[in-house]
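S.K.: Single-letter residue listing:
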Amino acid sequence: MLIKLIGGTVYDPASGVDGQRQDIYIEDGHIVNKPSGDFQVDKEYNLKGKVVMSGAIDMHTHIGGGKGNIARTLLPEDHRQDPVMRTDICRSGCGHAMPSTFVTGYRYAEMGYTAGFEPALLPVNARQAHMEMADIPILDKGGYVMLGSDDYLLRLLTANKDQKAINDYVAWTMQSAKAIGIKVVNPGGINAFKFNQRKLDLDEQNSYYGVTPRDILRVLATAVKEIGVPHPLHVHGCNLGVPGNMQTTLDTIQGIGGLPMHLTHIQFHSYGTEGDFKFSSGAAQIAEAVNNNKNITIDVGQVLFGQTVTASGDSMRQHANHKHASPNKWVTMDIECDAGCGVVPFKYKDKNFVNALQWAIGLETFLLVNDPWRIFLTTDHPNGAPFICYPHLIRLLMDRSFRNEVLSTIHPEAQKMTTLASITREYTLQEIAIMTRAGAAKLIGLKDRGGLSAGNWADITVYTDNADRQKMFEKPDYVFKDGQLVVVDGKVVSTKWGTTHTVKPNFDAQVEKGLKDYFDRYLTMKLGNFKISDDEITEDGRGSITVHPLKGDVA
Amino acid sequence: MTEITEVPSPFCGIGTDDLTIRVDGVSLKVIENGCAVNTPAFEQAVTDTSPRVDGKEVSLEVAIAAAAALLKDTGLPVIGGCATDVNGMRGLLALADRCGAVVDNMNFTGARNNFLALQDSGWMNTTLAEVKNRCDLLLVVGTDLEAFAPRFFERYLWNKQAMFLDDTGHREVIYLGKTPSGDASSTPSGQKAQVSECATEDLPEVVAVLRSLVKGQPIRAESVCGIAVADLQTIADKFKAAKYSVVTWAAGALTYNHAELTVQTLSEMIKDINNQNTRCSGLPLGGKEGDQTANQVCGWTTGYPARTRFSRGYPEYDPYLNDTVFLLASGEADALVWVQAFNVNAVPPVAELPTIVVGRSGMTFIKEPDVFIPVGTPGIDHAGYAYRMDNVVAIRLKKLRDAGLPSTAQVLNAIEQALQER
Chain A
64 MLIKLIGGTV YDPASGVDGQ RQDIYIEDGH IVNKPSGDFQ VDKEYNLKGK
114 VVMSGAIDMH THIGGGKGNI ARTLLPEDHR QDPVMRTDIC RSGCGHAMPS
164 TFVTGYRYAE MGYTAGFEPA LLPVNARQAH MEMADIPILD KGGYVMLGSD
214 DYLLRLLTAN KDQKAINDYV AWTMQSAKAI GIKVVNPGGI NAFKFNQRKL
264 DLDEQNSYYG VTPRDILRVL ATAVKEIGVP HPLHVHGCNL GVPGNMQTTL
314 DTIQGIGGLP MHLTHIQFHS YGTEGDFKFS SGAAQIAEAV NNNKNITIDV
364 GQVLFGQTVT ASGDSMRQHA NHKHASPNKW VTMDIECDAG CGVVPFKYKD
414 KNFVNALQWA IGLETFLLVN DPWRIFLTTD HPNGAPFICY PHLIRLLMDR
464 SFRNEVLSTI HPEAQKMTTL ASITREYTLQ EIAIMTRAGA AKLIGLKDRG
514 GLSAGNWADI TVYTDNADRQ KMFEKPDYVF KDGQLVVVDG KVVSTKWGTT
564 HTVKPNFDAQ VEKGLKDYFD RYLTMKLGNF KISDDEITED GRGSITVHPL
614 KGDVA
Chain B
3 MTEITEVPSP FCGIGTDDLT IRVDGVSLKV IENGCAVNTP AFEQAVTDTS
53 PRVDGKEVSL EVAIAAAAAL LKDTGLPVIG GCATDVNGMR GLLALADRCG
103 AVVDNMNFTG ARNNFLALQD SGWMNTTLAE VKNRCDLLLV VGTDLEAFAP
153 RFFERYLWNK QAMFLDDTGH REVIYLGKTP SGDASSTPSG QKAQVSECAT
203 EDLPEVVAVL RSLVKGQPIR AESVCGIAVA DLQTIADKFK AAKYSVVTWA
253 AGALTYNHAE LTVQTLSEMI KDINNQNTRC SGLPLGGKEG DQTANQVCGW
303 TTGYPARTRF SRGYPEYDPY LNDTVFLLAS GEADALVWVQ AFNVNAVPPV
353 AELPTIVVGR SGMTFIKEPD VFIPVGTPGI DHAGYAYRMD NVVAIRLKKL
403 RDAGLPSTAQ VLNAIEQALQ ER
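Quick mapping for you: the protein sequence lines, in order, are chains A and B.
Residue numbering for the first sequence is 64 to 618, as defined by our numbering.
Residue numbering for the second sequence is 3 to 424, as defined by our numbering.
The hints are simulated quantities; they were obtained by calculation from the structure and are not laboratory data.
The beta carbon of each residue, even a glycine, is placed where N, CA and C say it ideally should be.
Each pair of labels, with its calculated beta carbon distance range:
no., chain 1, residue 1, chain 2, residue 2, range
1, B, Thr257, A, Asp225, 51 to 59 angstroms
2, A, Gly92, B, Gln163, 51 to 59 angstroms
3, B, Phe328, A, Gly338, 53 to 61 angstroms
4, B, Ala210, A, Asp151, 49 to 57 angstroms
5, B, Asp26, A, Glu602, 20 to 28 angstroms
6, A, Gly553, B, Tyr258, 46 to 54 angstroms
7, A, Asn358, B, Ala38, 56 to 64 angstroms
8, B, Ala210, A, Ser464, 54 to 62 angstroms
Once the Cα atoms are required to be at most 25 angstroms apart in a straight line, the calculated BS3-like pairs of lysine-lysine come out as:
no., chain 1, residue 1, chain 2, residue 2
9, A, Lys392, B, Lys217
10, A, Lys576, A, Lys227
11, A, Lys386, B, Lys273
Isolated chain A, as found in the complex (with noise of 0.2 angstroms):
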């Protein structure tokens, strides 16, 4: 079946396209070049006045895995606030902050976004997070998969070993795992919380290993750039949540020399100490030094007011949150000689001096950080705000006189404590595009997504275009997920299943040897039992494994 989306206004920064009328065709759930000589166009969508980009790409959600099922387990209460009535189309589910696996397909969806990446996928979990984004319908999936504070790579770098036994243990963990992309958590420090360390900075030794997260950095984002893994390592750094930590943040950046990096939900990690509550933005200092290191990209993790919930791999700094919880409630566990996890209930307050300067500080980040290809839209879903909260912060940067109707509401302290209100700069249509798309796919590396050009998936959404940046966001005219119209205007019409997206890059098979022996004597289940087989994705007949080029590789 041919497809034409006649007359829109695209904005396709992956092909430089900014805010021009052009024709859209769609064949065999893929974008081609309008057809030589005579066609039939089956089905035609007259775009005429509207905002065609291509489908949305979150880069870091908690949208799989265990942690965010203890979440969804600890708080009915919330569930109770949001109760989604089963349709002749879709599921019945729960919403609000951490919501069913079916909804949270049909809201992304329902957004414009086409495609979500969850950024904590541990090694012994990666079955159930699997599992869960398999029941999430619409999106396009795919994980990073947590080292850092895994009891074998400190063995191996207490023991000496050399980077290459380093990148064959990454290759093979991403494989078992099935992920695309290296995430580290509060380097080493999951582990050091084990054995009763309560902080670890950047350069403070694991008591039992001696090892340090300056240490476990560099070594992974080594082995991420030398296997040839497109996705740069994926960190979430020390101290989260500590006033000063921008120091930190600064150092790691520094320490990392050059290699690529991604920091995480920067906005945690950019707490000054000044003023009467010795809490103070960071934000001008990391945007500075990202603007001046090309190898360092961010995404923000803005806090937006209201009732959420935390769910982290970091159980050390959980662990240290939970005096903050709202409700009352926290869970942490150490897991597997793996990782661990802490799950913390949040209520942001707009009247709260730390809330509100959070709020703040990830705006700062946003306007402040000169590259849209190099800072990434999140709220670190659901640990800032649930990801429903996206068309509210997309007005948010592109209307000051929004945002600074906004920020005359927060508590008063905290406005003195911002540069908010001079920050003069508003996002583009184009620069959201480059954020939440174009970006995104660039730097996930995934080949034929999160662009308008012939040869991309036909994932597109269509907008009406609003003054009212919310109002346009949050409910699109059209998604075209695959080719396959899944919205319309902004509520799901029909549903499929996404792919999952991987890389594989090489290991010498003999990295098996030690592994063996480590989970015959260690471990509590056998290595083959553990690795993840491509079956297990696509053995019920609506998984797929999309195998995105590495580094060097000839596409």
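Use these hints to put chain B onto chain A, whose structure you have.
M.R.: Frame of chain A; chain B shown alone:
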């Protein structure tokens, strides 16, 4: 005849995956690493392979049509048991969503003791590999651990090597409540576990005193429910001296009213210990017959654990009112679907309402259900996933034989499909 090695078990809850099983046609024999729980569960013979409607053998298609017809005009069907693998639960929840049913896992009343504590104040827990490599002190509360999981001690405490302990034989095991039924908890050199015995229903009082002592509160009594307070003080002191202590309990073994308060006291005590410059973690036992699996899949599909109803078109969780036993007794339920792919002895409650059983081949009934569809067992007849007790690891179950039995998922998906087409 073939021998299959590294077979994972969905039965014991502790994720043993080193069984060797000899397959001869459809009969199985555990020849290595069996135990009192796993061996009979694997070796259970296949009997029925044909479904029955009103006691008469019929084809699978006819049985599915009959099941769909029974469910078609029901007001509040209850899907009980819920003992199957991940795909089985997916099918079960899709069916429940379509026909407005209640979903209720058969072990939920026990598991509720954990859920109520978790949902009120949370906890700090650990998993089996951490126990295996770190635990230097294990407190077992109110549970006969070796009867629950016969190989727990062999696999996770008396393992030859541990990464962070010089000698696993120096670990200490203390029982509070029940005395263990055997000697599995004795160290390899024969040192018996310390037991502070009390009646199960006295645990709330004993645990409350233990927590008080951990917090340094003065206790004037000299004994509590037959246990010397000095003994409890010793346990409290050992927690503070240990580097990585672990407290374990089986929620279902705490068979008295409001046992969730005991779980909560233990969980809060664990948090207290973590505020005294050392580490301590909880380890709730479970994972048998798909109970963690049911709660996990129901969790991501609905937001709630597996005692949830769909009768208003969206999921509603109620840990008391959605109890199968309660709904049958009150007359609110008007059909029962019983799903049990693991255990032939876990038969449905006898009830005077239309009953459909999707059960493991070998199940026998006091009262023949209206529809009986024998299904294969995950990990024997088909591949699948089952969650271990620690709720993090989903074990990949293997297919060992082909007995011509459908999976739970195939049957429930077909019933759902048939309802959709009506």
